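Participant: Residue numbers (the UniProt record's numbering), protein chains in the order written: chain G, 1 to 467; chain H, 1 to 467.
Hints were generated in silico from the structure; no laboratory data involved.
Every value quoted in this text rests on a predicted model; they were computed, and no experiment measured them.
Yeah, the Cβ is synthetic: ideal placement off N, Cα and C, and Gly gets one too.
Just to be clear, a hint being listed does not mean it is correct.
[As the list claims (entries may be wrong)] Simulated restraints, written as ranges between beta carbons of each label pair:
no. : chain 1 : residue 1 : chain 2 : residue 2 : range
1   : G       : Asn-261   : H       : Lys-419   : 53 to 59 Å
2   : H       : Ser-25    : G       : Gln-385   : 35 to 41 Å
3   : G       : Leu-259   : H       : Glu-359   : 30 to 36 Å
4   : G       : Glu-142   : H       : Pro-438   : 50 to 56 Å
5   : G       : Thr-97    : H       : Lys-138   : 28 to 34 Å
6   : G       : Ala-269   : H       : Val-247   : 43 to 49 Å
7   : G       : Asp-272   : H       : Ala-174   : 40 to 46 Å
8   : H       : Ser-25    : G       : Thr-101   : 26 to 32 Å
9   : G       : Asp-272   : H       : Leu-259   : 55 to 61 Å
10  : G       : Gly-99    : H       : Lys-419   : 54 to 60 Å
[What the hints assert, rightly or not] Far from chain G, by Cβ distances over 10 Å, these chain H residues were calculated:
no. : residue
11  : Val-32
12  : Leu-89
13  : Thr-97
14  : Val-149
15  : Ser-204
16  : Asp-234
17  : Leu-273
18  : Pro-283
19  : Val-297
20  : Ala-302
21  : Ala-330
22  : Asn-357
23  : Ile-373
24  : Leu-391
25  : Leu-435
[Claimed, not checked] Computed list of lysine-lysine pairs in DSSO-like fashion (alpha-carbon distance at most 30 Å, straight line):
no. : chain 1 : residue 1 : chain 2 : residue 2
26  : H       : Lys-205   : G       : Lys-320
27  : H       : Lys-320   : G       : Lys-275
28  : H       : Lys-320   : G       : Lys-320
29  : G       : Lys-275   : G       : Lys-205
30  : H       : Lys-275   : H       : Lys-52
31  : H       : Lys-205   : G       : Lys-52
32  : G       : Lys-320   : H       : Lys-275
33  : G       : Lys-275   : H       : Lys-275
Protein chains: 2
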Amino acid sequence: MQFLNTINFTVPLLANATATEPVDSSMVVAAVLLSLVVIYFASKLGGELSNKIGLPPVLGELVGGVLVGTSVLHLLVFPEGGTDSSNSLIMTFLQITAGLTPEATPQVFAAQSEVISVLAELGVIILLFEIGLESNLKDLMEVGIQAFVVAVVGVVVPFAAGTAGLMIIFGISAVPAIFAGAALTATSIGITSKVLSEIGRLNSKEGQIILGAAVIDDVLGIIVLAVVASLAKDGAVDVSNVIYLIVSATAFLIGAVILGNIFNKTFVAIADLLKTRGGVVIPAFIFAFIMAYIADVINLEAILGAFAAGLVLEETDKRKELQNQVLPIADMLVPVFFVAVGAKTDLGVLNPAIPTNREGLIMAIFLITVAIIGKVITGLAVFGQPGINRLAIGVGMIPRGEVGLVFAGVGAASGALSKPLGAAIIMMVILTTFLAPPLLRFVFPEPKTAATVDGATDPSLIGSNSK
Amino acid sequence: MQFLNTINFTVPLLANATATEPVDSSMVVAAVLLSLVVIYFASKLGGELSNKIGLPPVLGELVGGVLVGTSVLHLLVFPEGGTDSSNSLIMTFLQITAGLTPEATPQVFAAQSEVISVLAELGVIILLFEIGLESNLKDLMEVGIQAFVVAVVGVVVPFAAGTAGLMIIFGISAVPAIFAGAALTATSIGITSKVLSEIGRLNSKEGQIILGAAVIDDVLGIIVLAVVASLAKDGAVDVSNVIYLIVSATAFLIGAVILGNIFNKTFVAIADLLKTRGGVVIPAFIFAFIMAYIADVINLEAILGAFAAGLVLEETDKRKELQNQVLPIADMLVPVFFVAVGAKTDLGVLNPAIPTNREGLIMAIFLITVAIIGKVITGLAVFGQPGINRLAIGVGMIPRGEVGLVFAGVGAASGALSKPLGAAIIMMVILTTFLAPPLLRFVFPEPKTAATVDGATDPSLIGSNSK
Numbered sequence: 001m002q003f004l005n006t007i008n009f010t011v012p013l014l015a016n017a018t019a020t021e022p023v024d025s026s027m028v029v030a031a032v033l034l035s036l037v038v039i040y041f042a043s044k045l046g047g048e049l050s051n052k053i054g055l056p057p058v059l060g061e062l063v064g065g066v067l068v069g070t071s072v073l074h075l076l077v078f079p080e081g082g083t084d085s086s087n088s089l090i091m092t093f094l095q096i097t098a099g100l101t102p103e104a105t106p107q108v109f110a111a112q113s114e115v116i117s118v119l120a121e122l123g124v125i126i127l128l129f130e131i132g133l134e135s136n137l138k139d140l141m142e143v144g145i146q147a148f149v150v151a152v153v154g155v156v157v158p159f160a161a162g163t164a165g166l167m168i169i170f171g172i173s174a175v176p177a178i179f180a181g182a183a184l185t186a187t188s189i190g191i192t193s194k195v196l197s198e199i200g201r202l203n204s205k206e207g208q209i210i211l212g213a214a215v216i217d218d219v220l221g222i223i224v225l226a227v228v229a230s231l232a233k234d235g236a237v238d239v240s241n242v243i244y245l246i247v248s249a250t251a252f253l254i255g256a257v258i259l260g261n262i263f264n265k266t267f268v269a270i271a272d273l274l275k276t277r278g279g280v281v282i283p284a285f286i287f288a289f290i291m292a293y294i295a296d297v298i299n300l301e302a303i304l305g306a307f308a309a310g311l312v313l314e315e316t317d318k319r320k321e322l323q324n325q326v327l328p329i330a331d332m333l334v335p336v337f338f339v340a341v342g343a344k345t346d347l348g349v350l351n352p353a354i355p356t357n358r359e360g361l362i363m364a365i366f367l368i369t370v371a372i373i374g375k376v377i378t379g380l381a382v383f384g385q386p387g388i389n390r391l392a393i394g395v396g397m398i399p400r401g402e403v404g405l406v407f408a409g410v411g412a413a414s415g416a417l418s419k420p421l422g423a424a425i426i427m428m429v430i431l432t433t434f435l436a437p438p439l440l441r442f443v444f445p446e447p448k449t450a451a452t453v454d455g456a457t458d459p460s461l462i463g464s465n466s467k
Numbered sequence: 001m002q003f004l005n006t007i008n009f010t011v012p013l014l015a016n017a018t019a020t021e022p023v024d025s026s027m028v029v030a031a032v033l034l035s036l037v038v039i040y041f042a043s044k045l046g047g048e049l050s051n052k053i054g055l056p057p058v059l060g061e062l063v064g065g066v067l068v069g070t071s072v073l074h075l076l077v078f079p080e081g082g083t084d085s086s087n088s089l090i091m092t093f094l095q096i097t098a099g100l101t102p103e104a105t106p107q108v109f110a111a112q113s114e115v116i117s118v119l120a121e122l123g124v125i126i127l128l129f130e131i132g133l134e135s136n137l138k139d140l141m142e143v144g145i146q147a148f149v150v151a152v153v154g155v156v157v158p159f160a161a162g163t164a165g166l167m168i169i170f171g172i173s174a175v176p177a178i179f180a181g182a183a184l185t186a187t188s189i190g191i192t193s194k195v196l197s198e199i200g201r202l203n204s205k206e207g208q209i210i211l212g213a214a215v216i217d218d219v220l221g222i223i224v225l226a227v228v229a230s231l232a233k234d235g236a237v238d239v240s241n242v243i244y245l246i247v248s249a250t251a252f253l254i255g256a257v258i259l260g261n262i263f264n265k266t267f268v269a270i271a272d273l274l275k276t277r278g279g280v281v282i283p284a285f286i287f288a289f290i291m292a293y294i295a296d297v298i299n300l301e302a303i304l305g306a307f308a309a310g311l312v313l314e315e316t317d318k319r320k321e322l323q324n325q326v327l328p329i330a331d332m333l334v335p336v337f338f339v340a341v342g343a344k345t346d347l348g349v350l351n352p353a354i355p356t357n358r359e360g361l362i363m364a365i366f367l368i369t370v371a372i373i374g375k376v377i378t379g380l381a382v383f384g385q386p387g388i389n390r391l392a393i394g395v396g397m398i399p400r401g402e403v404g405l406v407f408a409g410v411g412a413a414s415g416a417l418s419k420p421l422g423a424a425i426i427m428m429v430i431l432t433t434f435l436a437p438p439l440l441r442f443v444f445p446e447p448k449t450a451a452t453v454d455g456a457t458d459p460s461l462i463g464s465n466s467k
């Protein structure tokens with residue numbers, strides 16, 4: 001980017017072309033339509049098969065994503081993985097059927113990837129908004145202390161065990177060991193909450209503790225990542241940045257709750273005033289997107305803002321109406337996220353023919369062991385909840401998902417990680433992500449309502465919305 | 001673009017950066033979230049006020065778009081208008097609140113514009129899919145001949161009168177006069193169908209004739225545009241291209257109807273088989289997006305494919321269920337389209353302080369007169385329908401909307417149009433677009449159900465969906 005900017009100065013015409021040259025928009029729309037067809041096909045095929053064998057549909061969506069993505073079919077690929085447009089089968093298909101020229105292909109590919117990535121991001125934002133709408137702030141607060149303890153144990157134990165183990169057993173130096181340890185701390189709210197929702201356990205006590213702990217873990221993870229990244233860059237911790245993150249995260253969460261109590265009534269009053277279409281869902285999205293924006297710009301994650309917005313609106317009389325309307329929107333956008341996560345997963349790291357993978361394999365086995373045990377024991381830290389399913393809580397914290405991939409990505413970019421260790425971390429992320437949904441399904445013995453968002457559907461609507 | 005490609009060859013590193021350098025994705029997401037907040041705010045403010053004074057909400061959404069767009073507030077601007085990122089208030093806001101660097105701004109601006117443009121395009125695709133779901137193929141076929149006559153009259157009369165008038169009265173040479181005449185032939189399906197839906201007249205006989213004629217007009221317009229563009233480029237008509245367009249358009253429409261009869265049953269069987277969430281809406285979108293893709297790549301418009309898909313699925317038992325689920329999705333995406341159309345409208349052409357505008361003004365008055373009269377008289381061409389509201393049909397064909405803007409854009413790019421004539425065409429497009437919704441509202445005297453899509457809402461859902 002820096003390089004590009006220097007050039008911009010000396011070649012203004014090119015600079016203009018780079019930044020604002022409009023790509024053939026009809027071709028970009030065609031590429032996005034094709035991508036969505038591929039995504040929906042993969043999500044339905046995977047989701048239905050997964051459901052059929054009694055596993056959460058989201059596992060199938062992830063696997064469907066792997067199938068169409070960079071590991072297998074190369075239909076849906078993204079430039080982040082270093083793939084260029086010539087590896088995208090969708091681009092090849094457009095060249096054959098729509099007369100896309102090879103010269104225009106890189107730009108159309110870049111635009112399509114950008115659009116699909118943002119749609120995926122909107123998908124997980126809407127998912128967390130929906131999860132917030134289905135959760136209850138009071139219930140969450142009631143288990144708040146337990147959730148906090150679970151989150152802290154789930155950060156400290158895997159981090160300490162992972163870092164120490166890598167240094168002592170494998171003789172790895174401090175900075176890369178700390179990075180790998182940090183990657184072990186993540187928990188994917190998206191995958192965990194989606195599975196809980198699919199097996200009808202989101203509103204169980206265990207579900208609320210997992211959800212609360214995953215949210216707190218996400219905040220802790222952002223702080224850990226900031227610490228580790230500054231350590232890898234300067235060899236020292238940027239204390240002011242860490243304090244800023246802690247203060248802003250706390251202020252945001254407390255602010256959301258206080259603001260929520262005020263905004264509650266305003267929202268209902270506004271929604272009652274509006275007479276045209278979208279009079280409930282549009283004000284709700286304005287609120288959710290503003291909260292997501294704020295969370296994003298104070299270096300938290302956008303999904304935390306959307307979750308807080310959902311929690312606030314759950315308190316209002318409009319909850320049921322809003323849930324019914326968000327449901328199909330989530331059905332449309334959420335699969336884009338899970339399929340994209342799968343599509344970006346490069347199973348190449350599991351290929352034993354590649355030397356760095358073989359070297360990484362034994363480290364991967366160690367990391368995976370720590371990753372699973374380090375989270376499962378968090379259930380033991382829950383106190384004052386007799387008869388609670390401690391194993392389920394621990395298992396719920398296992399999936400690293402997209403959060404783990406962020407850690408791996410930052411680590412690889414910083415140059416702190418050796419290739420084998422980088423491969424080992426990605427193996428750990430893949431395995432914990434894909435193992436967690438079936439494990440969660442089995443530690444919660446009797447599913448209540450599979451494949452339906454618990455509490456989201458009005459009884460009169462089950463026929464139309466639950467499928 | 002051509003220039004860019006030459007450079008790519010000699011500076012491979014830069015070429016790579018241009019095509020695949022990943023932009024700061026968290027910043028792009030923040031920019032898109034802000035844009036959506038602005039869009040939703042503009043659409044609700046405009047739509048509600050418009051509704052309050054008894055006009056179709058979509059007029060308010062367009063005006064709201066103008067307010068936040070390139071003409072007034074510069075919140076939502078697009079590179080197409082030659083605007084660069086320094087004119088985007090959203091970018092300025094991101095620089096202040098989110099620490100967006102000036103160097104990264106052009107790329108984030110380009111990505112944000114690309115994403116919002118595609119969301120707008122998805123919005124109008126979903127709108128036409130929804131309109132198709134609410135229309136009945138048999139009803140449309142019944143008035144097919146009348147719709148065809150209305151479309152042909154509405155193309156021939158404005159084209160002939162406009163071209164001849166400009167040549168005879170204003171002494172303009174043939175090619176620019178033909179271009180201006182061609183711009184007069186357009187009809188915006190999006191605006192017309194949305195207004196009809198909002199005033200509850202989509203399924204009236206008049207509504208069906210207007211809708212059918214607007215669809216046929218769209219196909220005719222694409223052919224006219226191809227003829228005129230090749231005329232402006234080479235001075236000769238590319239006959240083979242015109243034949244290709246006519247054959248492919250006809251084949252597509254007939255194919256859609258035949259295929260529809262077969263796919264009908266397959267769709268219901270598939271939807272019944274699916275047990276996970278989105279089991280109706282996702283297969284429907286797969287079908288709609290494939291149809292839109294096909295229409296797009298055979299040089300028709302994507303919206304025609306989506307409309308055909310909606311018409312096909314309207315025939316199935318799943319219609320009601322599908323309509324209920326598409327409704328909130330449309331509520332989320334359709335406003336992006338109308339606000340974007342408004343935001344891209346540059347009211348600068350109406351400014352009399354600019355000399356070319358003054359010169360264009362008298363031509364604009366002529367063009368607007370031809371534009372309105374040339375479409376209003378199409379109602380007279382309707383035969384065999386005693387007691388039909390001929391005025392309403394003619395008025396329904398008036399709005400040029402986004403289709404007119406495409407003509408103006410191609411004309412300006414070809415260099416065939418003088419500045420005053422270009423300004424005059426844009427004035428004509430703006431006035432017909434913004435006049436049509438109130439006019440349509442008044443020529444249909446008693447509104448049945450304002451602000452509700454006719455027939456789309458299950459009675460049990462009116463409370464939740466109609467607002």
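Participant: Against the earlier hints, flag every one the structure doesn't satisfy and list their numbers going up.
Facilitator: 3, 6, 7, 9, 10, 11, 13, 17, 18, 19, 20, 21, 26, 29, 30, 31 and 33
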